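**Q** In case you want the letters, here they are:
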Amino acid sequence: MNKYPAWLNILVLAIMLAGCLLALPNIYGSVPAIQIADNNGVAYDEARLQEYVGVAESVGMSPEAAYLKDGRVVLRFEKDAELTAVNDALKKRYSREASVAQTLAPRSPKWVRDLGLNPMSLGLDLRGGVYVLLEVDMDTAIDTRMTLYQQGIDDNLLDARIRHLVELEDRIVNVRLTSPEDRDAARLIIERSDADLLVSDGGDGKSLLVRMSEAQIKARQDFAIDQNITTLRNRVNQLGVAEPIVQRQGVDRIVVQLPGVQDPNEINKILTATATLEFRLVDQSGTEPGSRRYQGRPGVGDAVLKRKVIVSGDQIIDASAGFDQGQPIVSITLDSSGGESMLKTTIEHVGKPMSAVFIETRRETVQRGAEREYRTIKSEEIINTATIQGIFKNKFQISGLNPGEAHDLALLLRAGALAAPVFKIDERTIGPTLGKDNIERGYKAIQIGFFAVILFMIVYYKAFGLIANVALFTNLIFIAAMLSLLQASLTLPGIAGIVLTVGMAVDANVLIFERIREELSAGAAPQAAINSGYEKALSSIADANITTLIAAIVLFGLGTGPIKGFAITLMLGIITSMFTAIIGTRAIVNLIFGGRKLTSLPV
Amino acid sequence: MRLIKEKTSINFLGATRRKVALVISVLFVVASLASLATRGLELGIDFTGGILLEVGYPQAADLEAIRTSMVDAGYNNAQVQLFGEDEVVLVRLPPMDGNIETIRTQLQQILQAGDPNTSLRRVEFVSPQVGSELAEQGALAMIFALMMIFLYVMFRFQWKFSAGAVAALTHDAIVTVGFFSIFGLPFDLTVVAAVLAVIGYSLNDTVVAFDRIRENFFALRGKSAEESMNISINEMLARTLITGITTLLVLVALLVLGGESIAPFSIALIVGIVVGTYSSIYTASATALALDVNAQDLIEPIKDTSLIDDLP
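Sequence order for the protein chains is A and B.
Mind the numbering: the first sequence is residues 1 to 603 in my numbering, read in order.
Mind the numbering: the second sequence is residues 1001 to 1312 in my numbering, read in order.
Same shape as in the complex, but just chain A (with noise of 0.2 Å):
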């Protein structure tokens, strides 16, 4: 009586082994890095690695370790000091094409690596970082695409010879014709141009008002979202932060963790910046139709430009920040329709004055009463007018920033325009010691909860009690397992979760050890009461974790940041204890006590 098969007992220690190997990268620590990935994602090959290694070797510093981590080049080093050295020779010569950040890599020996086993990934308030989550501003997203609209249907109209206005007034377009003919073939040109629009009759006959359906309407929002969180990871990437996170949350939320990142004002003026560049023709008679008067900066003077847009910065694809004759400068690359457009132009407008225009969006806030709205104010500034002085394609500089800007500009336009603007409403950075102060206080937590839960079990159910203590040893390393399998962020409230599942998980075993007591003490032997003592103990222990579950899927579910971290570790922590204070702990009852002659139990 109570022999567990062979293949259970082989089966029992298997998941223990592959537990343990899951966890084991944990225990190597972490050592300062540089991380190198491409800016335009290819993995790297051997080649590209021995030769970063070799850029560190010719700055007198070889890297303790050096290895391809998902198509990245990770460097590991010694000392702090040395890092340093190599960070700034790797970023002075690949700057442009790769970004290197400073990171923390796991200690963990090449055999470990090749198995591809990673260790936990630890959360903000333990690693100190920045965490910053964005608002998309989803209705600047619709009203610059109407807007678009609006310039479309005038344009297509204008071609086609019908007189018209247009007007955009809460986001729809009226288009006012001067016969219901006229309106009929405006409608058809419109229809054309895009199917998905809502066209419908003004009422008098001779007008049209068009807007945006449902479905644009939400697929614009979705491309918004999706477009700037591409663009807010470029940013991000350009930055040089390793494993940054960028996620959507909710309909309109982005999220941004960095970490080690420690100053966020830096980061934050890239991440919300909505800065970019138009360029648009003088209109030196000042009187075509759709021209407007734009404002110069200091020192450069106001002017009235076309209406068409020759390039915007979404037409540009690369961009960097340097100096002409001591003026700071941006280089500008454009791509393919953006050269095009700009050698169409320059070819017909020779010797003719062309503004460059930098747009930034802001959001302000208004108190209305108790009330307090949020307003969007867009700038829109000529840094720079110069005569187009010959033909040029797709290559050129502007002038008439500070470096900063130039600077800035440059990051920006490189990374791509956001499609909306975003805005901060949620900001928390945590500093290093924090960090390594919470980590510190969550692992003596644990160390003194487990003493104190495993010097009371073997007081008080002696034998048994040790073997419900090796059984919430692997419930631990379980734990550790499951979070760095599945690269959850361990967090101060998951360790919290830790700490309250060492004290729950011994629940399964007191269930099952008393009831092998009161068993005994009905007069049963002890096998049949080690029997019927897991047996009758089951439902109790399914019906108490699965409720518990509930609870902490019902937490994972609808809670953020903190409540997640420690739903995660209380769902992981329920899951292994069932595991290991049923199976594993009967496993070892079985081995110790199973097919002997016992007249009594050490319970």
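Calculated from the structure, these hints are not laboratory results.
Values in this document were obtained by computation on a predicted structure and should not be read as measured data.
A couple of the hints might just be wrong.
[Stated by the list, open to error] With a straight-line Cα cutoff of 20 Å, these simulated SDA-like cross-link-like pairs (lysine to any residue) come out:
1) Lys344(A) / Ile310(A)
2) Lys436(A) / Glu1085(B)
3) Lys444(A) / Glu1085(B)
4) Lys536(A) / Leu1220(B)
[To be verified] Just a sample of chain B residues kept apart from chain A, beta carbon distances all over 12 Å, derived:
5) Leu1022
6) Leu1033
7) Glu1042
8) Glu1226
[Stated by the list, open to error] Here are the simulated distance ranges between beta carbons:
9) Arg1002(B) / Met1(A): 20 to 30 Å
10) Gly202(A) / Gln1079(B): 52 to 62 Å
11) Arg211(A) / Thr1105(B): 39 to 49 Å
12) Met1148(B) / Ile189(A): 50 to 60 Å
13) Gln1079(B) / Gln249(A): 24 to 34 Å
14) Met1148(B) / Glu360(A): 45 to 55 Å
15) Arg1039(B) / Arg211(A): 49 to 59 Å
16) Pro353(A) / Asn1099(B): 34 to 44 Å
17) Asp1062(B) / Asn402(A): 39 to 49 Å
18) Asn1099(B) / Phe323(A): 25 to 35 Å
19) Thr376(A) / Asn1076(B): 22 to 32 Å
Note that beta-carbon positions come from the ideal geometry of N, C-alpha and C, so glycine has one too.
Based on these hints, arrange chain B on the given structure of chain A.
**A** For chain B alone, kept in the frame of chain A given last:
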């Protein structure tokens, strides 16, 4: 070793005791609700929005000097207090307009004035909008959890047990939150998580007791529901106490060693587990009894299959 006698026969559910317990529970709940209504909660920045800075000084911090310099700089409504240690100061400001970058830089300068060894341990800016959303989410999570639990217990046992369990859990949640209101302890997101964990724990206790009650309803035929339940609770008493003790052991470790920021979480769980242990004995079973629960309730009704047979 045993904590209590091998066989106890404490009359937990006797008519008078039940009345006393009812009075105590009602008193606790009413006191909690009254305090919540009048004093409210010491809501953390997670819920109110605002600015929070944790600053570490090389020596014991001079709170008065920090307050004065904050007021001098125009931050009249700054709350300045020690955070766990003499060297760590927590500064809290209500939400304000203006550029975050400028405010941060200014606060940094004020707090680090004259001493380069101070460290900015943590800075949080939360907009009031996010705060109210988080509060809403927390409340929603709690209601949703209770509903799911009601359904699960109904599925596994019967609705009278569900009612008992949910009564006990609601009682625990209200008293735990009430404790934070009465003693003016800081209430943040981690406390919401703790209260939900308390719900999970207390339910654990309750369900284990119910499980034994169900077993005994069948094993001890002829005894009244009250007697069966009493015997069950006595049989589970050792287990209830031991699990409570081991859990409290780790939580005390967490409270003492885990640092100031996790302390409210630990306190909520400690209070909740004490209350939850009490409630799973009294509130849950007493409610089920008040609803006249009996062995009949747990017998599966025989399914009438004749209707299905008649179908073509």
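**Q** Starting from the hint list further up, note which numbers the structure goes against and sort them upward.
**A** none
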